[in-house]
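Enquirer: Each chain, letter by letter, is given below.
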Amino acid sequence: MSYVSIRDLKVSFDGVQVLHGINLDVAKGEALGLVGESGCGKSVTWLAALGLLPGKATVSGSVTVEGQQLIGTARTAVEGVRGGKVAMIFQDPSSSLNPVRTVGRQICESLRLHRGMDQRAGRIEAVRLLDMVGIPDARKRVDLYPHEFSGGQCQRVMIAMALAGAPDLLIADEPTTALDATIQAQILDLLAMLRRETGMAMVFISHDLGAVGAICDRVHVMYAGRIVESGAIGPMFDAPRHPYTRGLFDAIPRLDGARNRLIPIHGTVPDPSHMPPGCAFAPRCAKAQAFCHSDAPALMPQPDDRQLACFYPVSSNATGVAADERLPA
Amino acid sequence: MLNYFVTRLFRAVLTILLVMTFAFVVLRLSGDPASILLGPDAPTDSIAAFRARWGLDDPLWKQYLAYLKSIAQLDFGVSMRDRSPAIDLVLERVPATLALTVPTLLIQLGVGIPAGVYAALHRESVADRGVIMLSIFGFTIPSFVMGLVLVLVFAVTLGWLPSGGQDSWQHAILPIATMSVGGIGILARFSRSAMIEVMGQPYIRTAMAKGLSWRDVVWKHALPNASVPIVTIVGFMVGSLIAGAVVVESIFSWPGIGRLLIVSVSNRDLAVVQCLLLVIASTMVIANLCVDFAYGLLDPRLRANAAAH
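From first to last, the protein sequence lines are chains A and B. All residue numbers for the first sequence refer to this note's numbering, where the first residue is 1 and numbers rise by one. All residue numbers for the second sequence refer to this note's numbering, where the first residue is 1001 and numbers rise by one.
Derived from the structure by calculation, the hints contain no laboratory data. For glycine and all other residues, C-beta sits at the position ideal for the given N, C-alpha and C. Among these hints, one or two may not hold up.
[Stated by the list, open to error] Stretches of chain A that chain B covers, calculated by requiring three or more beta carbons in the stretch to come under 8 Å of a beta carbon on chain B:
| id | region |
| --- | --- |
| 1 | 70 to 80 |
| 2 | 110 to 120 |
| 3 | 155 to 167 |
Looking at chain A on its own, in the form it has when it is part of the complex (with noise of 0.2 Å):
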């Protein structure tokens, strides 16, 4: 049975629909991807099920957690949900964090909350989390405030706070974004380490393909608050079915073999509030028919256990496209 189920979660903003019934499970220890480009839904999906969109989103649909409805309950039950089953880690690190309070004194809140620690006990474990996840000199950098660490260091302190919960399942809201490359690196190592040591699962949110690669187990694309294909990591990268998915690897710049001109993804991500009639994806599509712009495809479960949500897909012994054929007719 899987850890955290979704089903039909629908989110508007002032009555404009930004997600158009997500449905996902995240088994227990499972690393799950989500990648899918900016506006997408990605972090709205979990930002919604955990309650902590802004008072004028309208959410509808269900999320469990090991069984318990999270939706259009009491706030009292998500609160307990929050940190200690559930924890999350957000895009900028810098400014997640409370710039009045030292990082020790915020660490100590989860401990305090999810594992009854007093505050002696609390500044103990403080250190070793901040040991643990690299922070240096750990013991007397634990009194000092947010604006004296690092960006990279500030995450850091996130995926300790967020452990210190000792949660079954992390959400990485695109921790490495706002990082250099080589801090991004670092994280995802940290992350990696902390997933095998732990034995947490894990959703990983990012638009970074290579980062999901390294990462997780299973993968979700989605493009405009929908989930257009999902299956394992391997068959998802050697063979993306969806016409997106194929768009965001060809707009990968290759390190190794010839140069050769990336091939981007025209246009531009529709606006929510004018949505095509048909599928999302259609106007920006080489492969769309006229079906495609009037009809939207569902998510179907495909013969090699991913799922699609497209009528004319990339067949599957495809290596590549040709780049006139992905340019929209």
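Chain B: place on chain A using the hints.
Expert: Then chain B, alone, in the frame of chain A:
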């Protein structure tokens, strides 16, 4: 850090000195105390005697140097009207003004901040709209209009409260109410926007994601951050309280330093006006120093900046 405070202190003294100099020059250029105090029909020789007695015939710079010299010796001069020391006249009036301004400040803080915070946490609700409307009402109505309306309603029409004087605590109610309204409006507006700004910050989402109760998120994470801009405006308000007292004490015939200031200015009682301005300027400067100090306590980033100075 020490350096920072010494600089601040130096600046504070400089501010007071500038205020004193300005007052000194303007008062002497804007009218002759002799003809005002003795009346327009006074004989020429008594005016000349008066001018000689108070050294008004000396060049301005000479008068100014003499003034500075006596200030340095903590001699604040003598009232031209009744010859008593100016500082005594002023200090005698301070308790009456404090009796209005201290309760006013407490009411402004106690009503304005909670109202603004409540409105921010219940955005777009009826309560929020009510707070916005009342606060605009509060800070746009001039205190002399407010005071007269209150007198009309509670003293003249209803007869519940006295309209002026200082005989009992009931006499303080209308002046305090008049002075409080504007500050409550400003504070409510400011606290609301400060709180809305803070509640939208990523660290509030982090605090919620941690599993903290809503109460803890507001009290431990949002309010300490929102307090920095609120303290700034409170600092300004302490200064403007005295300006407010000038108007309100006149309306309600309250014998505080505000009324003393008006009487002394119109009489050109130079030593008393200068002494009053010195007290008022010092209050404002001290309020600003307190705000600077509070910043350091509230926000560690500002503490770091202060240390770097």
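Enquirer: Output the indices of the hints that this structure fails to meet, ascending.
Expert: Checked against the structure, no hint fails, so every one of them is satisfied.
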